[in-house]
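*Asks:* Each protein sequence line maps, in turn, to chains P and H.
For the record, in the first sequence the residue sitting at position 551 is 551 according to our numbering, with numbers rising by one throughout.
For the record, in the second sequence the residue sitting at position 219 is 219 according to our numbering, with numbers rising by one throughout.
Since the hints were made in silico from the structure, they are not lab data.
This structure is a prediction, so every number in the text was calculated from the model and none was measured.
Heads up, some of the hints might be wrong.
No copy is singled out in the list; a pair is fine if it fits within one copy or between any two copies.
Below, a list of computed lysine-lysine pairs in the DSBU-like style, where the Cα atoms sit at most 35 Å apart [stated by the list, open to error]: (1) Lys-282 - Lys-448; (2) Lys-73 - Lys-448; (3) Lys-280 - Lys-290; (4) Lys-477 - Lys-282; (5) Lys-536 - Lys-520; (6) Lys-290 - Lys-334; (7) Lys-379 - Lys-282.
Protein chains: 2
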Amino acid sequence: MSELRWYGWGNAAKTFSLEHRPGAWDFLRAALDLSGDESFLPCDFNSIRLRAPRLSDEQLRALRNLTAPSAVKIDAMTRVMHAYGKSYRDLIRLRRGDIPNPPDAVVFPSNEVEVAQIISFCAQNDVTLIPFGGGSSVVGGVEPRDERLTISLDLARLNRVVSVDEISQTATIEAGILGPDLERELNARGLTLGHLPQSFEFSTLGGWIATRGAGLTSTGYGKIEAMTQSVRVVTPHGVIETKNVPATAAGSSILQMIVGSEGTLGVITQATMRVRALPKTKKYQALLFKSFADGVAAIRAMVQSDIVPTTVRLSDEAETKSFFAMREESQGWKAFTERIGLQFLNSMGYSFENGALLILGVEGDSASRIMSAAQAVCKSQSAFSIGEGIAQSWMRDRYETPYLREVLLDRGVLTDTLETATTWDNLDRLHKAFLQAIADATASTESKSLVMTHVSHCYRDGASLYVTFLARMAQKKEIEQWETIKRAATDCIMTNGGTLSHHHGVGYEHAAWMQRENGKVGMDALKALKSALDPKNVMNPGKWLEAEHSMVGLAMEYQERFWNIP
Amino acid sequence: MSELRWYGWGNAAKTFSLEHRPGAWDFLRAALDLSGDESFLPCDFNSIRLRAPRLSDEQLRALRNLTAPSAVKIDAMTRVMHAYGKSYRDLIRLRRGDIPNPPDAVVFPSNEVEVAQIISFCAQNDVTLIPFGGGSSVVGGVEPRDERLTISLDLARLNRVVSVDEISQTATIEAGILGPDLERELNARGLTLGHLPQSFEFSTLGGWIATRGAGLTSTGYGKIEAMTQSVRVVTPHGVIETKNVPATAAGSSILQMIVGSEGTLGVITQATMRVRALPKTKKYQALLFKSFADGVAAIRAMVQSDIVPTTVRLSDEAETKSFFAMREESQGWKAFTERIGLQFLNSMGYSFENGALLILGVEGDSASRIMSAAQAVCKSQSAFSIGEGIAQSWMRDRYETPYLREVLLDRGVLTDTLETATTWDNLDRLHKAFLQAIADATASTESKSLVMTHVSHCYRDGASLYVTFLARMAQKKEIEQWETIKRAATDCIMTNGGTLSHHHGVGYEHAAWMQRENGKVGMDALKALKSALDPKNVMNPGKWLEAEHSMVGLAMEYQERFWNIP
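So here's chain P without its partners, still in its complex pose (with noise of 0.2 Å):
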């Protein structure tokens, strides 16, 4: 763990250089009024003063007992980085030092069997167990928020690939196993899952699915829903295991109960999951719209007529110029820009400031077939292919821009994303809304907003929004001013016809949306399923079943007091 950085996303040796993109910052200044002297640094991890563990002696010894003595850990780096997750406010508060409540100790079981016997000493001793992957939520999923002990339970040594069935091209897999260690060992047999998301190298297959999780594939693969034959659940009442079958028409899902449940009813162990043979060919395209709408609709109407491109990103108007902006010097697009020259492009119409790129992908023995079809699509709503080039740096860069998240912490700007997902219809209204609450909310809080969109999974029925919004961050208010945002854009979305989470999930932060998403009814079936399985509510309590923990009063409170809205 000594290599992850502590108080924000992935290797601590690892940073997103500015170096080579020269507009990046000029355009960042003029967009958000930075002077340029803003900074936001960590503290200095000794200066943390940490709560001690408050386990007694005599159950850190059953602990050790349960598991093994180097599988309970409880020195202040391990307890830290087990802490939050990875969303705007957890960073805030590490690199203010501000952990109040973090776990008693770190337990890392080997198997599901010592999961069990952990969850029963929770159960007996009035203890909170949190599961955790790879602590890459960035909705507060793993967060302490209870006032009893809690254990974070890391599952990373449940890693294996237990047995892969090429017959059926399903694959049987421990929860904990981290993305890059996944692809690796299907890769190793000419199979592959699949499931990208930008956090692949930080997150698990366990995660994945107790958070109902999306990848940049997802408009060809699916999401992980679709991805998940079975799995294998310990929860505080048993465990359930459900069947590898295809399909099944034997009552209510319990599948779909778990996938999606958050580590609230239990510990995902292992899946079998649905895995497929690595494609041979993939083809990349970017092409330019020449607004935003005409590529909405060239999107719709390939998914529609079953022409279905494994990657779609499609970004907004915003996006697409801040993308360009903001955008390295290479060689590829000297070469472009050379070829066909920016001002060919804009007496056709196309611009860089007010066009919409779009990112193709296309996977498998059909990738040329597919991707013409596509392009064809697109063409008939007047896309101009700008090139392979500009579609592969940013498949190059996918996972690198987390990392572009700390660089603007450091200098003092608030970023964060956030997501949805709607009927197509109903696509334009919502966009509009919420790049509407999202700036008004913002100029509340005294900074300019910039507020990027892109649509980036695709169904026959609707897509995915997925929204990254920006600001100068107030001084001393930085998490006031971020739940401001939030609770803005978040009521915006739920207003218009969006759902509270496409791919993300709910924890902590999404938690007072959770019964206008399901309704009083639906929740206390909810809460019914959890009471069922978790009677104590030992499995990470304060998530998305209780909203009375949540940050709706906070964050009106932190409106009052600081920005004086009624």
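Given chain P, put chain H in place with the hints provided.
*Replies:* Just chain H now, with coordinates in the frame of chain P:
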């Protein structure tokens, strides 16, 4: 309702003629050791002594006030037609006039408010309520199984297409609509749902959703759970409405708890369904493989390489043999045999006695390309194309086969179907195991069996297996004989890695195996859900959640009594 057959399937005036199938009876007589004198004819309806409705005049008045005087029926015909579904046991009991526990009334609400009021009435009056769509359940899904008074809630009047969103390709439709009405309304707008179960003409949208059904185009278009974007369901605890979004990560899936709930949690009143453009092109093809195993290899190779036909139906050797032995002497068939010559086929190693028939259907703009690719895969497994004619005759007859069951019952032939799904690697093992189990169990009832299987729903990771079994009826022990076979087959499926049901559902007849399917902890989760939404157990009691009411005990008793099986 009067035009429907009260004691069995479909329209009373309609039958399945064997007149133009000269080989059919000879084949069956030989296969089943029939003397030709067997018969099992329905009783005279007027001879049925039906228990009087037990609702008081006051209760009937209250119900009529909640709906309309004509919406509350207590006549014998209506009550008989709502007493059972269409399982073998149901048809036997109907023909015998053995209907000891009919519903006390059948109520036809005209809107969701009335549904809610009727549910309240039931909860207040200790009356149970059974949602009734088309009544085509073959697993005892709509039969009163409770000693309390019972109302059958026929949703026939909730049959409107509420709205169509042509942009998102979704349609919001009331649950009681029948298949033909639904398709007619969608087709008029250039759209289709594409859910075509064999029961299509006599089953409803709500029933499809409540039972997790699948239609014959499910390989291409998916099962009903994939087609359902959202539902509205009235439970005794209140209304649940899931969101109209293409996907979500907002916790466990409430939608997928409702899909498959079989009326035990509440009444589905409407759903928003994913629809698609009506395909302009449809291609059909029949192919003959040298063996079922070759055919399975071919269809697996197809779907795993993203060549996905809309319809796939691969018969095993026994079903292929029966299909041809009982075929119609059509012009198409004559032309085929004259053109190709059966001897020539045989000399090439193909046989209707030992081969495997595959029906392929592909719909949509890419039909020709996909059909070519699918045929190429088949030919790499040595399939011989036997033309469109046979495929089209199967398509034409696909809703007629249930009428054949009535003809066979008339002549004293037990005939029933069951179905499961499993992974590709387990398909052969499971298939062989249940063939043996059904043959052995039938033999133990002193009859010969004819057991035929096809694969009709393919997934990347597996497929369904659909089994038809026939035997000479055991006189006066018709139900006991059937239970012996059904129990052996289902035990075998559960022991050999199949799911309890792929698309028929659970109802009463599969309830005894639900715990084996889902485990005790899984069942406790389902029971918690039930208790939260239906605390008084008003909704369709005695079905999938209540194994103690189920047939295992009965069947064991029958076995001991009649067949002396230890």
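*Asks:* Just pull the numbers of the violated hints for me, sorted ascending.
*Replies:* Going through the list in order, the structure violates hints 1, 2, 4 and respects the others.
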